[in-house]
Each structure stands twice: as structure tokens, then as C-alpha cells.
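Participant: Using the hints, put the two chains back together into the complex; each one sits in its own frame.
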Amino acid sequence: MLDRDSNGVSLTGNLLQTSTNTLGMAKVLPGDIIGSTTTHLAGPGTHVYDSKICASIIGSVSTVSASASSKSGKPTLSIPRVPSRSLSQPLKLTTLPALNSIVLCRITRVQQRQASASILLVDASPTTLVPESLTHLTSTTASSEDIYFSAVLRREDVRLTEKDKIVMNESFRVGDIVRATVISLGDEKNYYISTGGNEFGVVIARSEEGNAMVPASWKEMKDAVTGRVELRKVAKPV
Amino acid sequence: MADKRRINGPASGTAIPIFTPSKSGAHTLQRTRKPNQLRKIYLQPGVVPTASGSAYLELESLCHPSSLLNAVPSSLKLSCVIHGPKPLPRNANFSSNLQLTINVKFAPFATRQRRGYIRDVTERDIGTHVETALCGVIVRDRWPKSAIDIIITILEAEDDVQWGSGTQQQNTVGGLGNMNVVSGCITVASAALMDAKIDCLDLITGGVAAVVPKDDGKFVHHLDPSVIEEPFLNSACVVGYMPARDEVTLVWTRGNIPSYSDGQTCRFDSLLDSAVNAAKGAHVILRQVATELAQAESTKLIIDESKT
Chain A
1 MLDRDSNGVS
11 LTGNLLQTST
21 NTLGMAKVLP
31 GDIIGSTTTH
41 LAGPGTHVYD
51 SKICASIIGS
61 VSTVSASASS
71 KSGKPTLSIP
81 RVPSRSLSQP
91 LKLTTLPALN
101 SIVLCRITRV
111 QQRQASASIL
121 LVDASPTTLV
131 PESLTHLTST
141 TASSEDIYFS
151 AVLRREDVRL
161 TEKDKIVMNE
171 SFRVGDIVRA
181 TVISLGDEKN
191 YYISTGGNEF
201 GVVIARSEEG
211 NAMVPASWKE
221 MKDAVTGRVE
231 LRKVAKPV
Chain B
1 MADKRRINGP
11 ASGTAIPIFT
21 PSKSGAHTLQ
31 RTRKPNQLRK
41 IYLQPGVVPT
51 ASGSAYLELE
61 SLCHPSSLLN
71 AVPSSLKLSC
81 VIHGPKPLPR
91 NANFSSNLQL
101 TINVKFAPFA
111 TRQRRGYIRD
121 VTERDIGTHV
131 ETALCGVIVR
141 DRWPKSAIDI
151 IITILEAEDD
161 VQWGSGTQQQ
171 NTVGGLGNMN
181 VVSGCITVAS
191 AALMDAKIDC
201 LDLITGGVAA
211 VVPKDDGKFV
221 HHLDPSVIEE
231 PFLNSACVVG
241 YMPARDEVTL
251 VWTRGNIPSY
261 SDGQTCRFDS
271 LLDSAVNAAK
281 GAHVILRQVA
291 TELAQAESTK
301 LIIDESKT
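As they're listed, the protein sequences go chains A and B.
Residue numbering for the first sequence follows UniProt numbering, starting at 1 and increasing by one per position.
Residue numbering for the second sequence follows UniProt numbering, starting at 1 and increasing by one per position.
It is worth saying that the hints were derived from the structure and are not from the lab.
In silico DSS-like pairs for lysine-lysine, Cα to Cα no more than 30 Å straight-line:
1) A:Lys27 to B:Lys86
2) A:Lys189 to B:Lys86
3) A:Lys27 to A:Lys74
4) B:Lys105 to B:Lys77
5) A:Lys27 to B:Lys40
6) A:Lys27 to A:Lys52
7) A:Lys27 to B:Lys77
8) A:Lys163 to A:Lys222
9) B:Lys77 to B:Lys40
10) B:Lys280 to A:Lys27
11) B:Lys280 to B:Lys214
12) A:Lys236 to A:Lys163
13) B:Lys280 to A:Lys52
14) A:Lys189 to A:Lys165
15) B:Lys218 to B:Lys280
16) A:Lys165 to A:Lys222
17) A:Lys236 to A:Lys222
18) A:Lys189 to A:Lys163
Just so we're clear, the structure is a prediction, and the values are computed from it rather than from any experiment.
If we strip away everything but chain B, and leave its shape as in the complex, we get (with noise of 0.2 Å):
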């Protein structure tokens, strides 16, 4: 018996379109940045006027025009929203922190393979990832018998697998895709923490660094490095930091650091380091819209205050 609460597919069912391999073999964009370079950001708090916080950042989109026929190269679009400090709910314990509740949702349409309506393993572990990253930077005890909820929605990000290559490509990690939203993540949940004036240690933000192998043998580290500008790269690397203690909340590393060749010193504490070195500059950004709302907020305040 079909399932009536639900709006269900057609009985006959229609036959999926299965596309032909790209002749032009994987759909790679040269990356153009310098090492470490990263793309531009969009942050912008208080866009949600009915939520405690919200913020909305995005990554500059590494497009080319020529190339809109063909796989589209994702960038991030990401929106958070804050509500809360709220009570607790009815039958929940006493509980002296703040309840921290992370929702992170890809929007349907996100990525190229499109996503269900309902938290799927990738969604609930990203909230994970960014729930350890944040449970460090905010001041729980301030809130006793309160929580709130953050809820990301991701609009765009970029695919986890290289469109429009028949085969896997060897050497190459998975996962930077959804190591860049953990980084929006963190970036943009800060803002949204910032907007909403809940206490927190510091401005935390994320950072994602890679080892990239060169033709030469040796290994360079990439900041904040593109699925589509990537297509070889041996290992990856995320974090949450605070700049002004110099802590991180989150380490996340994927794939293997690579064995020394010709005395080149490649370690995971240089990977961090460039992870931590990407978060910095994604801590320019988010300070200067801080200063920014911390300025726009005070006037506001002098034109009530002349009003009344």
C-alpha cells in the first residue's frame, strides 16, 4: 500500500539518463592563485531580521565563462541562521550550559548530485565536525537553562567527485569538498554567533590547507584549495581556530602525508600550520565585518536615542 502522508513517484517509473563519458576527461580548472591565496569571501551578518544571528558567506566562484556548458565549477554559498537563547524544551533536564542544537542542511540543489530532504550521513557529520568546532569557542556556562539552535543551510558547494571523468582518478582524496563547508561552516556560524551576542571566547573561524604533489617531485601546500582546481592532491586538512589564543577547536586530516623525497620536509604539523595559516585569513575578513557591525550597531543606537 503506498504510503499516503507522502507525495509518491509516478507508478510506471521513468528510466534515468545515463550521459556519455567527457571526451575532454575530467573537468579541471589550472588553479591560478598563488599557493597561498584564497579565494575571495562574502560575509555579511544580520540578514535574518526575525533571528537572534544570521550571517551568509560566499566563496568567489572559479567559473570561467567558456565553461558554462559544461560542468559547472561549484563555489560555497552558505546561510546561518541563530535562534535563541531559548528555554529548554518541556522535557528536557536542567542542564547549566547552553544547549547547542547544529543543524547543517544541504539545500537540494547544492551539489550537481542532488541531495534528499532529509539529513543524510554527510549532513549529520559535518554538524558534528562544526558542533566540536564551536562547542570550544562559545561560553556555555553563561546561558544556564537555555539553548539555542544553529541551523546552516548550505545553497551551493562544491561536488565531492570531479564531473564529467568516466573513472576515479588515482591520488586523489575525497572529502575537500565537504571540508570547505566545514570551513564556511565554522566562518559563517561565528559571524552569525557574533551577530546574535552570544559570549564566546573569540572569533573563531576555519581554514583548510592540502599537500598537492608538483610534476617535479616535491610537495607544495595549498590554502584553501578548490575541488575543481585539485585533481591530484595527497592529503587535506581542516581546522577551527582562535587567532587571539592561538588554539584550534578542530583538527580534521584526510588522506596520507607523503613520504620525504630528496630531504624535503613534509609533516603534518606543516599541514596544520597552513590550515591555521588559511584560517587567519579568513579571520581578516570576518574581524573587519565584526568592526563593521560593532560600528553600524553604535550608530543606530545614537539615531534611537536621538529619536526618543
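Next up, chain A with everything else stripped away, as it sits in the complex (with noise of 0.2 Å):
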């Protein structure tokens, strides 16, 4: 963090003149115009003005070059949320769960059809994920239903194969971490999120006894003290 003082900034003289771009490098503003429609698309953090590209929120450009798969073929302009987080504050949740993104939810309650889940955080990678912010994240008790997104994991959703036979009690408990895809942004509550894949599934799990627990296979998990054996539908270890 910068100290107050250099922070801080103050004015004097004439103030009529408008303020010129200066920056010189390439942090960008919101309003600031960063390219054109025409030779780019507009991505994630930024928005189109006049056919031209402005971004929306602070930081710095990236420009992703047009993939086969995309018709247009021209790059794409965004500008990546930095995750603003450090070691002494709390992870903050900026951006919102879309189709396809990998999230990381609590497990909040687990029914016979289908189990809730808070989704703690979107898109993290491992780099962007420190040991001690997922102990902060275990370690949070309060009702987080007012704080974080609810998400829905029917039972069909939980694995790939032999689906008429999943038993939501012995794949996923309450408190469990899980890492999942949303499949659909659900209704006006949840979104609906899958752990269909050999990566998604639980990640941390407490036993019955309340040790910590590693994967011992894809439907096991082993408490780490006292070797006791729990059904899980364990992800797979990155």
C-alpha cells in the first residue's frame, strides 16, 4: 500500500485546463479509448462507445490474438480484474460466475436430489490461491448467504458416469470445498454448477472427527491422523 502522504494529491492554479493523458504507460482508466472495433473485439473490463473501445475499469490491457475457433478473427481487447487481495485483507469476490468458469464453493446443505454451495471464488488458479486464504476460507463460519452467490449441485450433475447410481451422502458433506463448472446461471437465486470430470469434485475435507482428510482415491478420502476412510467425490490433485 502506498502511505497516505504520497497518495494524497493536491491542487492549485488554474484548474480549467482539462486533464490530457500523460500516463505514458499502459494503465488505463475508465473512459480511456483503447482500440476499435473494427480491428478488435471488446472483452471482459471493457465496453464500446461510438465503435470504439473504451475500458471500464482500471488496470492494464491485455490483448488475446483471435483463436480458430472464434468467426471474426480479429483480437480481443479486456482488461484482467487483478485479484485484490494480499495476505492481511480478506479475498474479494469482483467478479461474477459465468458459463464455463471453474469455481471453488463451500457446501452448505446436502439433500437426496441435489446439494447448495456457496461459491467462495471464480477463476482462481493455483497461483492466485495461497495457503493461508483457503484456511480463511475453512475457516469462516458465519451465515454467508447474504455474501456470497448460492449455487445448486443437482445429483445428475455430481459425476459423468453411472448416474442413476450417485448418493449425494456419499459424495459431498456440509463444509466440504469443492471445486466445480457452472453449467447454467440458473435462476433468479442459483446457479447451477457441475463436478462432472475427473478435476472437479472436493478439494478439503474435514472427518467426522474433524482431522483433515487426503484423496485416496476418486470416491475416497483418508483422514490424515486416523487413517478412517470417507466417501467423497474427490477431485483429482493438481
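Facilitator: Okay, here's the thing in C-alpha cells:
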């Protein structure tokens, strides 16, 4: 963090000059023109005004060259949201879950047909997630309904095979941290998530005794202290 | 029966103090700034670590040391906190746009006339003006099914009336203090939105200008007028202005535009232009602060990456 004095700016003299862009660096501010729609596509963190692509948030512009799948063949301009996080600060959720985004969530309720979860992190990569912040996530016990977005994991979305034999209680328990993918933006309240796939499932769980558990197989986790085995839909360790 | 949920005052009551009017008349200061010069602005984003975005704004105090015993002219001190985006409340209907909740509250000690703890009409009115200004700048369709709370606390503000004078002055437009508050609220909320990384069309700022009569019968436009410095003014105007698009999202004018005298043009749009110029002045500060914030974030990211 900058100290207080270096960030406070005072202003004297004639103020009627309009501000000029003297940044010189790749830092952009909301309203700055960063490209044209004739040559680029507008990505996250930008908006289009009068066929010009403008920044919507502060940050630096990143250009993703056109992939083979995109029809237009234009590179995409976007401003990535730096996760505003430091070790002393709690994590901030400044992106919304989108289709196919990978989320980390905490199971809040397990029923016969579905499980409910709170979305804690969206599109977090291992580099943005340090162990300290994970302990912060798991230790939160306060009612999180009004802080976190809620998600629903239906029974048929738990895994891809043998869908008729899935038992929710043998896949998740309340409090598990689950890596999942968003399959639908859902109704007015819930997002729909799925753990179909090897890399999705429980990443952090505690046993009945309250000890941390380690993955033993794709459907079992082992208590690190007592060695007792519990059933989970386990994510493949990365 | 007494209300048990509140702390009630003493049963006997006390007599309110009544002050004699000051002999020196209204406590005013001579405006020493140029007509187009703003008060100095202090703006700091990210003051509340637990919020998604926050900012603090302070205007230079015009207080002279000799006047400490008399009515102290207060400046403006605002703090803004943004919570969210967070899920809509349980009973809310589906909305594909971001829902804004703006809560403007005077601290009880903000003005010489103490404020209550429950929001009154003035605070709700200021909140409506700020909401009008911010609705035009936030890209609300980026955040479906979510809401943000913008909470602005006014820690210090100018009084709307001159203190120390027994009689109401002529030729004065009320509400100039509130206009300064609206302008400051827009600027501080803009800084907090930027800190929270909420998609915005531009860095919006607020500006105030007033038409002030001169001794020779002419009129002059003062930017960023202060209540204590302007005992007489004809009209005042506050705008919320987006410089990159040259768009105005809020206009609030009070008073009347003086009639032409000896051919001098004094029109509404020239007052509006002056208010826009005041907003441009504040924008210089906001832009500088935003640049520093962007640079601080990128260096923090580099440090974090080198640690991991």
C-alpha cells in the first residue's frame, strides 16, 4: 500500500485546463479509448462506445490474439481484474460466475436430489490462491447467504458416469470445499454447477473427527490422523 | 408508557440554550481564491480493507486560526464504502441489472446543527441525487442477479445557513452546503467504484458553480463556492460530469438566473458550463489518484508473484 502522503494530491492554480493523458504507460482508466471495433473485439473490463472500445475499470490492457474458433478473426482487448488480495486482506469477489467458469465453493446443504453451495472464488488459479487464504475460507462459519452467491449441484451433475447410482451423502458433506464448473446461470437465485470430470470434486474436506483428509481414490478420502476412509467425489489433485 | 427499546432522555427535561446573536453579524470570510479556483482536494481510495471498494475525500478547510472561537467554518469530509457485488436479497425479484443501494448519512456531529441517527429528508434527497448521477455511469448489465451497497458517511459538512447572524439574509440561495455535499459524494463514490473494480463508463466527478453578484452590478461565476465565503449568491448549480464522453448525468440548480444588466450575458448554460469546469478540476485529481492506484496494484502483483 502506498503511504497516506504520497497518494493525497493537492491542486492549486488554474483548474480550467482539461486533463490530458500523460500516462505514457499501459495503465488505463475508465473512459480511456483503447481500440476500435473495426480491428478488435471488446472483452471483459471494456465497453464499446461509438465504435470505440473503452476501458471500464482501471488496470492494464491485455490483447488475446484471435483463436481459430472465433468467427471474426479479430484479437480481443480486455482488462483483467487483478484479484485484489494480499495476505492481510480477505479475498474480494469482483467477478461474477459465468458459463464454464471454474468455481470453488463450500457445500452448505446436502439433500437427496441436490446439494447447495456458496461460491467462494471464481476462476481462481493455483497461483492466485495461497494456502493462507484457503484456511481463511474454510474457517468461516458465519452465515454466508448474503455475502456469497449460492449454487445448486444436482444429483445427475455430480459425475459423468453411472449417474443413476449417485448417492449425494456419499459424494459430499456440509463444509466440503468443492471445485466445480458453472453449467448454467440458473434462476433468480441459484447458479447451477457440475462436478462432472476428473478435475472436479471435493478438494478440501474434514472427517467426522474433524481432521483434515487426503485423497485416497476418486471416491475416497482418508483421515490424515486416524486413517479412516470416508466417501467423497474427490477432485484429481493438481 | 415509555419506549423501552430506546434510551429515553431525563424525565424532567432540560432547558435549551439560547445564544444571543453575534454583534459582528454573520461570520463570513472573504473569498481569496480566484473565481475559477477550487478548494484543495484530498482523495484516498482503499481506506477500508474489508470492503470491496472505499474512498475518503476531504476539502481544504477555510478556517483561519483567529476565528477558532467563533463559528468554525467547516470543510467537507466524506467517506464512501462499497459492499458487493453480492447476491440479491432472498425476497427480491430477478433483475438482469446491478441493483444500486445508495445510503447517504450525515454523522450526528457533521454540522453545527446536530443530525439524528435516522436518515431524514435531506439525506434521502441527497441520496437520490447521487443515485441519479451514478446510475448513468455504471455499466449495470454486467452484473446480473447482484446488488451493491454504496454507503456514504458525511463526517463533516458545511452548514446550509450562516451562523452567528440573527436575521435571515436577503438574496441568498439555500442549499449550497447540500450541493457541495452532492458534488463531493459523486466524486468520492466514483473513486470507490474504481477501487471496487465495478465497470464504469467513465470517471465521473461532481462540480458546483454559483452566480455571485459583484458590487458594480455585474455577476461573476464562482467555481466550488463555499457557504462561508458566499453570503450573497443568485443561483447555484451542481453537475455530475463524465469528461471522456462530455456527458452530464445530473443537473441540480437552485435560485434564479439574474436578468441581463448592461448587456452582460448571464445564462443558464453558462452557469452549467462553469459547474462542468469545476467537475473537470476535480477530475484531474481523480485521474491522478486512479493512475497511482493502478500502478500500486501492478507493483503489488509483481511482488506477490515473486513471493509465490
